[in-house]
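With the sequences and hints as input, model every part of the structure.
Protein chains: 2
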Amino acid sequence: MNCELISVGTEILLGDIVNTNSQYLSKRLADLGIGVLHQSTVGDNRERLLRAIDEAFRENELIILTGGLGPTPDDLTKEVCAEYFALPMYTDEAIADKIRGYFVKKGLEMPESNLKQALIPEGSITLQNNNGTAPGSIIEKDGKIAVILPGPPFEMKPMFEESVVPFLKKYSEHIILSHNVRTFGIGESAMSERVSHLLENANPSVAPYAKSGEALLRVTAKAHNEEEAEKLISPVLDEIKNLLGDSIYGIDVGSVEEATVKLLKEKGLTVAFAESCTGGYCAKRVTDIAGASDVIHCSVVSYSNDIKNKVLGVKKEHLDRYTAVSDIVAAEMAKGIKEMSGADFGVSVTGYAGPYYEGCTDEIGTIYIAVTDGEYVWLKKLSTGRTDREYNRYVSASNAVNEVRLCAAAYPEKRSEGMRLDEFISTY
Amino acid sequence: MNCELISVGTEILLGDIVNTNSQYLSKRLADLGIGVLHQSTVGDNRERLLRAIDEAFRENELIILTGGLGPTPDDLTKEVCAEYFALPMYTDEAIADKIRGYFVKKGLEMPESNLKQALIPEGSITLQNNNGTAPGSIIEKDGKIAVILPGPPFEMKPMFEESVVPFLKKYSEHIILSHNVRTFGIGESAMSERVSHLLENANPSVAPYAKSGEALLRVTAKAHNEEEAEKLISPVLDEIKNLLGDSIYGIDVGSVEEATVKLLKEKGLTVAFAESCTGGYCAKRVTDIAGASDVIHCSVVSYSNDIKNKVLGVKKEHLDRYTAVSDIVAAEMAKGIKEMSGADFGVSVTGYAGPYYEGCTDEIGTIYIAVTDGEYVWLKKLSTGRTDREYNRYVSASNAVNEVRLCAAAYPEKRSEGMRLDEFISTY
Numbered sequence: 002m003n004c005e006l007i008s009v010g011t012e013i014l015l016g017d018i019v020n021t022n023s024q025y026l027s028k029r030l031a032d033l034g035i036g037v038l039h040q041s042t043v044g045d046n047r048e049r050l051l052r053a054i055d056e057a058f059r060e061n062e063l064i065i066l067t068g069g070l071g072p073t074p075d076d077l078t079k080e081v082c083a084e085y086f087a088l089p090m091y092t093d094e095a096i097a098d099k100i101r102g103y104f105v106k107k108g109l110e111m112p113e114s115n116l117k118q119a120l121i122p123e124g125s126i127t128l129q130n131n132n133g134t135a136p137g138s139i140i141e142k143d144g145k146i147a148v149i150l151p152g153p154p155f156e157m158k159p160m161f162e163e164s165v166v167p168f169l170k171k172y173s174e175h176i177i178l179s180h181n182v183r184t185f186g187i188g189e190s191a192m193s194e195r196v197s198h199l200l201e202n203a204n205p206s207v208a209p210y211a212k213s214g215e216a217l218l219r220v221t222a223k224a225h226n227e228e229e230a231e232k233l234i235s236p237v238l239d240e241i242k243n244l245l246g247d248s249i250y251g252i253d254v255g256s257v258e259e260a261t262v263k264l265l266k267e268k269g270l271t272v273a274f275a276e277s278c279t280g281g282y283c284a285k286r287v288t289d290i291a292g293a294s295d296v297i298h299c300s301v302v303s304y305s306n307d308i309k310n311k312v313l314g315v316k317k318e319h320l321d322r323y324t325a326v327s328d329i330v331a332a333e334m335a336k337g338i339k340e341m342s343g344a345d346f347g348v349s350v351t352g353y354a355g356p357y358y359e360g361c362t363d364e365i366g367t368i369y370i371a372v373t374d375g376e377y378v379w380l381k382k383l384s385t386g387r388t389d390r391e392y393n394r395y396v397s398a399s400n401a402v403n404e405v406r407l408c409a410a411a412y413p414e415k416r417s418e419g420m421r422l423d424e425f426i427s428t429y
Numbered sequence: 002m003n004c005e006l007i008s009v010g011t012e013i014l015l016g017d018i019v020n021t022n023s024q025y026l027s028k029r030l031a032d033l034g035i036g037v038l039h040q041s042t043v044g045d046n047r048e049r050l051l052r053a054i055d056e057a058f059r060e061n062e063l064i065i066l067t068g069g070l071g072p073t074p075d076d077l078t079k080e081v082c083a084e085y086f087a088l089p090m091y092t093d094e095a096i097a098d099k100i101r102g103y104f105v106k107k108g109l110e111m112p113e114s115n116l117k118q119a120l121i122p123e124g125s126i127t128l129q130n131n132n133g134t135a136p137g138s139i140i141e142k143d144g145k146i147a148v149i150l151p152g153p154p155f156e157m158k159p160m161f162e163e164s165v166v167p168f169l170k171k172y173s174e175h176i177i178l179s180h181n182v183r184t185f186g187i188g189e190s191a192m193s194e195r196v197s198h199l200l201e202n203a204n205p206s207v208a209p210y211a212k213s214g215e216a217l218l219r220v221t222a223k224a225h226n227e228e229e230a231e232k233l234i235s236p237v238l239d240e241i242k243n244l245l246g247d248s249i250y251g252i253d254v255g256s257v258e259e260a261t262v263k264l265l266k267e268k269g270l271t272v273a274f275a276e277s278c279t280g281g282y283c284a285k286r287v288t289d290i291a292g293a294s295d296v297i298h299c300s301v302v303s304y305s306n307d308i309k310n311k312v313l314g315v316k317k318e319h320l321d322r323y324t325a326v327s328d329i330v331a332a333e334m335a336k337g338i339k340e341m342s343g344a345d346f347g348v349s350v351t352g353y354a355g356p357y358y359e360g361c362t363d364e365i366g367t368i369y370i371a372v373t374d375g376e377y378v379w380l381k382k383l384s385t386g387r388t389d390r391e392y393n394r395y396v397s398a399s400n401a402v403n404e405v406r407l408c409a410a411a412y413p414e415k416r417s418e419g420m421r422l423d424e425f426i427s428t429y
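Sequence order for the protein chains is Y and H. Quick note: the first sequence uses our numbering, first residue 2, plus one each step. Quick note: the second sequence uses our numbering, first residue 2, plus one each step.
A couple of the hints might just be wrong.
Copies of the same chain look alike in the list, so a pair counts if it works inside one copy or between any two.
Claimed, not checked - Below 27 angstroms or equal to it, Euclidean Cα-Cα: the simulated DSS-like pairs (lysine-lysine) are:
#, residue 1, residue 2
1, K212, K242
2, K212, K28
3, K145, K170
4, K117, K317
5, K381, K28
6, K415, K142
7, K158, K212
No lab work stands behind these hints, which were simulated from the structure alone.
Next comes the structure, spelled out in structure tokens:
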């Protein structure tokens with residue numbers, strides 16, 4: 002069964018609000034095995050809404066409309082749906098009383114216009130609204146189903162979960178199950194090429210997605226139940242793991258920082274950051290994860306050279322000769338925060354996030370990252386090729402966190418693959 | 002002139018991402034006096050995309066498509082548009098070279114598939130992408146205009162502003178000019194009440210908006226030119242300034258951190274943060290602002306009590322007796338970072354962001370903020386009444402930054418309105 006989502010509201014067309022309802026409903030419908038092939042947004046306008054409903058029903062048996070259930074004259078969704086189905090409307094006294102009661106409870110005068118919300122298309126199912134005055138409706142006629150929900154997410158979501166999901170379950174003869182393989186440092190196109198033969202798969206399907214600096218593969222199976230779906234997915238997941246190796250930082254995990262915090266906890270390791278261009282973004286993202294206090298005790302934002310020298314002990318002559326954006330300064334920052342914090346790993350980020358300013362000694366997007374355990378150091382240089390400050394800061398922080406993940410994963414066995422920290426510093 | 006927005010991408014139909022592009026474009030088009038009557042989203046599917054374009058052009062001379070410009074086989078937008086306009090495609094060697102260079106710079110192997118992004122519809126205008134490899138296009142034929150933009154917002158937005166806005170200006174016969182009055186600490190309903198008589202205005206219109214912990218008023222005028230619009234707006238702005246006073250942190254400023262950095266620069270003042278529950282969020286947000294290096298030299302994330310004591314000099318007995326979430330510890334953290342950094346203001350944030358854990362000595366959402374210039378201290382206690390970790394961290398950081406703004410604005414005249422730091426500490 003396929004569904005079209007129609008969002009009703011001029012405020013969306015004006016860009017005053019972000020349409021989060023469509024995302025929520027699309028995701029939940031996918032879980033139910035109902036495909037969404039089209040989403041549309043129309044304003045509070047009778048003709049255009051009527052046309053949108055008509056076009057949607059040409060391709061779908063089910064449409065879900067959100068918004069336009071308010072008490073004001075420009076709230077038209079229920080009336081226009083009733084018109085489309087040629088159903089008269091009547092006042093539901095029980096709902097009218099509920100609305101009156103709602104105002105009494107709030108000690109407010111009820112504008113007569115609010116009773117408009119008690120008008121119901123004949124033969125429709127009324128959906129309780131426990132978070133507002135506007136009830137929803139389901140109209141089922143001639144093999145077409147229109148589900149009408151209020152616009153505010155805090156009214157729409159509970160109504161959908163409590164009333165619509167049970168109603169729709171009888172229409173979904175199968176379920177859809179997805180697993181997301183999250184990768185780092187490989188890029189969408191390279192990732193896609195390595196698994197290209199799998200992208201042709203039908204069930205489970207394998208689809209690549211890019212998101213700022215990362216790439217993920219979604220493996221999706223359609224089956225009669227969860228167990229059957231997992232059976233379909235598991236051999237494909239195994240093959241992907243073999244093909245992508247440790248570019249994969251997790252499956253169904255929210256972010257690289259979440260995967261890294263989890264790994265550090267498992268291994269009983271701790272980390273501290275010395276951040277220049279990221280200005281606290283690494284620490285912020287790691288501490289986004291509840292329970293991060295087990296793995297991060299402190300971090301320092303050393304934005305100025307003076308602080309890099311005074312607080313982290315970066316040699317002044319190195320700052321002068323090689324500038325703050327250099328591998329030696331990154332290594333000394335990492336050493337400094339490791340010693341200051343006593344954490345297992347000291348991590349540093351220093352680079353040019355942009356915009357360009359007098360005195361940049363390298364291209365915007367040039368970033369140095371160092372990780373040290375005190376004895377060994379692992380260095381990474383990024384050239385993002387972009388001038389977007391937010392992008393460069395985000396990707397620098399992602400890479401720093403990912404370097405911690407890679408070091409922790411191989412710790413302590415592969416330490417010797419790093420350089421000896423003091424040897425490296427002494428070469429300068 | 003009317004425009005339809007078509008978002009292309011199965012990940013939107015699956016609910017994997019929120020469609021923020023439509024909001025951004027709708028808002029910017031409204032500014033240009035171009036109406037958006039319909040938004041739609043289709044998957045990576047040739048037939049459905051072709052049909053969506055055809056339907057859109059029945060009602061609009063202009064359509065803007067976002068997404069589907071990637072290198073993978075399911076990225077179809079440019080091809081399908083060329084097909085709709087019956088235009089052949091050719092490889093633009095300059096773009097191909099740019100793409101090759103992009104990979105060389107990143108030290109990555111370029112998959113051949115990426116050259117697909119250099120395919121250009123004949124006779125189209127190519128739009129530079131300074132933040133990625135996929136160029137955009139404008140196809141203008143038979144009185145129809147298709148603008149094709151990449152999906153990732155950090156690529157789409159700059160391309161729209163740099164290339165599309167100048168192109169569209171010649172099509173908009175009147176302009177819409179808005180000024181946003183940003184307030185902090187007053188709340189949407191209280192703000193709206195104070196200016197309620199203005200909310201009836203037609204031109205300029207005055208509309209209130211709420212956004213996580215803040216409220217703003219948008220004053221919008223429609224006129225033939227900018228000067229005329231400014232004339233309409235300025236008396237209303239003056240009245241709003243009188244009514245809302247220093248709850249206003251800026252007009253047309255992006256954020257409270259931007260306003261604060263600007264003010265600190267003007268006054269030649271510097272700040273350093275000692276962050277516990279915000280874990281670097283204050284420093285991150287201040288350093289989001291280009292040029293923040295003039296006002297912030299360092300910050301410390303002191304997540305553990307041990308670090309609060311060792312690095313910031315918070316008395317161990319105070320941590321033991323009053324816990325880390327107390328006004329005395331906030332004051333000592335601020336003192337410690339002020340002394341360590343040598344900044345004009347030391348600022349601390351300590352509190353319970355959530356979730357609840359064994360050992361919370363106060364409600365989730367209880368946050369203490371302290372600002373000190375070394376001699377005086379200003380304290381603020383928040384009780385957000387919410388348990389949402391991200392919300393509590395965001396609002397704590399916003400309040401800390403706003404406290405800096407208020408102190409800096411009154412500095413040095415109103416110092417004596419604070420308590421003497423050492424007297425305050427000695428009372429414990």
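Now for the hints, and whether the structure bears them out:
1. For the homomeric pair K212 and K242, the shortest alpha-carbon distance inside one copy (20 angstroms) is at most 27 angstroms, but the shortest distance between copies (41 angstroms) is not.
2. Proximity of K212 and K28 under a CA criterion of 27 angstroms is satisfied in both settings, with 16 angstroms inside one chain copy and 24 angstroms between copies.
3. Taking the shortest alpha-carbon separations for K145 and K170, only the intra-copy value of 16 angstroms comes in at or below 27 angstroms, while the best inter-copy value is 44 angstroms.
4. Proximity of K117 to K317 under the C-alpha cut-off of 27 angstroms is found in neither arrangement, the shortest distances being 63 angstroms within a copy and 49 angstroms between copies.
5. For a Cα distance limit of 27 angstroms, the shortest separation of K381 from K28 qualifies neither inside one copy, at 36 angstroms, nor across copies, at 40 angstroms.
6. For a Cα distance limit of 27 angstroms, the shortest separation of K415 from K142 qualifies neither inside one copy, at 64 angstroms, nor across copies, at 61 angstroms.
7. Taking the closest pair of Cα atoms, K158 and K212 come within 27 angstroms of each other both inside a single copy (21 angstroms) and across two copies (16 angstroms).
Comparing the model with each earlier hint shows violations of hints 4, 5, 6; every other hint is respected.
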